[in-house]
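K.L.:
So you can see what is in the structure, the chains are spelled out below.
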Amino acid sequence: MRRLSGYLFATPYLILFSAFLVAPLLYGLAVSLFRWDLLTTRPPTFVAAGNYAEAVADPYFRKALAVTLEFVALATPTTVALALLLAALLESLRRQTLYRAAFFVPTMLTISVAGILWRWFFNTDFGLLNSGLARFGVSVPWLTDTRFAMPSIVLMTLWWTVGGPTVILLAGLQNIPRQFLEAASIDGAGGFTRFRTITLPLLRPVLLFVVAMNVIGAFQVFGQTFIVTRGGPELATRVLVQYIYETAFNNYRMGYSAAMSWLLFAVIALVTAVLLGLLRER
Amino acid sequence: MMRRHAYRISTAKLGHAAREAAAAAIAVLFVLPILLLLVTAFKPDAEILHFHGLLPRAPTLVNFRRIFGSPEEIPIFRWLLNSMLISSSVTLLVLSVDSLAAYALARLDLPAKRLVFGLIVATLMVPGQILLVPVYLILNRLGWLDTPLALIVPAGSAAFGVFLLHQFFLTIPKELEDAARVDGCTRLGIFRHVILPLSRPALATLAIFTFIGSWNDFLGPLVFLDSVDKYTLPVGVALFQTSYYDNYGLTLAASAICTLPVLVIFLIFQRNIIRGIALTGLKE
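Those protein sequences? They're chains A and B, same order as listed. For the first sequence, numbering that gives the first Met the number 0 gives the first residue as 0, with consecutive numbering after it. For the second sequence, numbering that gives the first Met the number 0 gives the first residue as 0, with consecutive numbering after it.
These are computed hints drawn from the structure, not numbers from a lab. No residue lacks a Cβ here, since even glycine has one placed at the ideal position from N, Cα and C. Treat each hint with caution, since some may be false.
What follows is a set of in silico ranges between Cβ atoms, one per label pair, in the way DEER data are often shown [as the list claims (entries may be wrong)]: (1) B:Ala179 x A:Ile175: 31 to 41 Å; (2) A:Ile185 x B:Gly188: 27 to 37 Å; (3) A:Pro150 x B:Ala23: 34 to 44 Å; (4) A:Arg195 x B:Thr185: 31 to 41 Å; (5) B:Pro55 x A:Ala48: 57 to 67 Å.
One-sided excerpt, in silico: chain A residues whose CB lies under 7 Å from chain B [claimed, not checked]: (6) Pro11; (7) Tyr12; (8) Leu20; (9) Pro23; (10) Gly126; (11) Val166; (12) Ala170; (13) Phe179; (14) Ala183; (15) Gly187; (16) Val240; (17) Tyr251; (18) Met253.
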């Protein structure tokens, strides 16, 4: 009895955990099996896997999935590579605190502020980027051309999010014992060889963590595109979470929206598992 | 020999100087947008549409005056108040329920506690978007939509704080607890007088993360709030973008107001924040 009574301490949290995490997960799975339209008075009807079948055949879902994959494929490698570069640069310096803080500070901004800023930078007519490029007679349609919109979003994402992975990778680099690198130096290994043969293998667990977290986050991208491009032009940047959001809260199709969010979860889990498997083997 | 040695040192120095210069240049690129935000909020619209330089030629308070001067049209004080109320409440709630739960799971002899903790940690992998629809339906049934409760109470379910504090509580030596027990301390007494005072750094880290996370949350207020006067700052500021599309000065001034509190917190707690982030990567 006394052993069990210790759970009294955990009860407030466990109530919240059950009510707003476990229950919604199961509830959401159940909702995804129903046709559940809040705009009609029709009661929810059970459609089994109907919503999932609809998603697979829905061209808008496919388009949003393709756009999301494009974002992940562009954003994750560039973010991790830049973070690794910045972390290595920081690690080689005697004074790091100020620079580290500078790389990290954009992460502190809320997405609406970051988005408003970059909308201004990217503006074709009076944006700062094109003002600077005007000197060379160039004007880039950053957000208004279907080819440029996604890379622009990725550029902004790099600025906004690279600080977190940089800080984590820097901590990882600092954890590598100095003796290993010094020993390799004495054996005549140059900077690049040392990095490839010693730093990278020892950094692998941290790198794995960073890649996995970044992929999971990138699949759920929403704020950047929602604020900066609203998904346009011509749905070129409408990602899955935005489509899920619009299906639920503009069209009030709760069942279909829930089904798509479970499909997104499945894609994330699959990609993460494959990626971790690949990276772990080598 | 001597000369070669001296040459080597100077190239090493040169290399370091070059790397430092590169770091400084990149740092400027990262900070510049935020500086532009804070400075441009003091420019008249004409200067925003035709960029002349970083500093305003004719600094003006007109943007701020208009924002603060029309509370009916732009209830920015309400948004500020809402944001502060919500973020502080979330922080208090998370600190209290998470520390109690982490104490029980880390320090008490409970049946099946590994299983319970494992279940909690497993939810760290659940993507937030999957909870959107079901939590909305639950809040709707509770009648909490369009109230601050919709953003405060569900935030207490997140597993991150329990995990963080659990790992920290494990590192506190058992002897301290035993000594307190000999002195007649109850389990609650040990929690209050031994565990909590020793865990200030971890509690501070969790408080900062929770506050900033809640302050910057965008999707939550966007989905769960409806009336303009219930908005938090990020959603209110985003509204500007659509309503005052061609009035950049106004939008930037509102963004500056929204950003300032977070920047101040960052400047004060910079080390705590960055150490906290760094730790998440090093713990398996």
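K.L.:
Give a verdict on every hint.
P.N.:
Comparing the hints with the structure gives:
Evaluation of the 31 to 41 Å hint for Ala179 of chain B and Ile175 of chain A yields a pass: the beta carbon distance comes to about 40 Å. Between Ile185 of chain A and Gly188 of chain B the beta carbons are some 57 Å apart, a value that contradicts the proposed interval 27 to 37 Å. Our hint of 34 to 44 Å for Pro150 of chain A and Ala23 of chain B is violated, since their Cβ atoms are close to 27 Å apart. At about 57 Å, the beta-carbon gap between Arg195 of chain A and Thr185 of chain B misses the expected band of 31 to 41 Å.
The beta-carbon spacing between Pro55 of chain B and Ala48 of chain A, approximately 60 Å, falls within the hinted interval of 57 to 67 Å. A distance limit of 7 Å between C-beta atoms decides the matter here; for Pro11 of chain A the minimum to chain B is near 4 Å, and the interface restraint holds. With 7 Å as the threshold, the beta carbon of Tyr12 of chain A comes within range of chain B, its nearest partner Cβ sitting at about 4 Å, so the hint holds. Nearest Cβ of chain B to the Cβ of Leu20 of chain A: about 4 Å, under the 7 Å cut. The hint holds.
For Pro23 of chain A, the interface hint holds, since its Cβ comes within 7 Å of a Cβ in chain B; the closest pair sits about 4 Å apart. The interface hint given for Gly126 of chain A is broken, as the beta carbon of that residue sits about 9 Å from the closest beta carbon of chain B, more than 7 Å. This hint holds: Val166 of chain A has a C-beta 5 Å from the nearest C-beta of chain B, less than the 7 Å allowed. Annotation: Ala170 of chain A was flagged as interfacial toward chain B, and the flag holds, the nearest CB pair being 4 Å apart, inside 7 Å.
Because the smallest distance between the Cβ of Phe179 of chain A and any Cβ of chain B comes to about 18 Å, over 7 Å, the interface hint for this residue is violated. Among the interface hints, the one on Ala183 of chain A is violated; its C-beta lies about 17 Å from the nearest C-beta in chain B, farther than the 7 Å criterion. This hint is violated: Gly187 of chain A has a C-beta 15 Å from the nearest C-beta of chain B, more than the 7 Å allowed. A distance limit of 7 Å between C-beta atoms decides the matter here; for Val240 of chain A the minimum to chain B is near 5 Å, and the interface restraint holds.
Look at Tyr251 of chain A: its Cβ only gets to about 10 Å from chain B, farther than 7 Å, so that hint breaks. A cut of 7 Å between beta carbons decides the hint on Met253 of chain A: the least distance to chain B is about 5 Å, and the hint holds.
Hint compliance for this structure: hints 2, 3, 4, 10, 13, 14, 15 and 17 are not met, and every other hint is.
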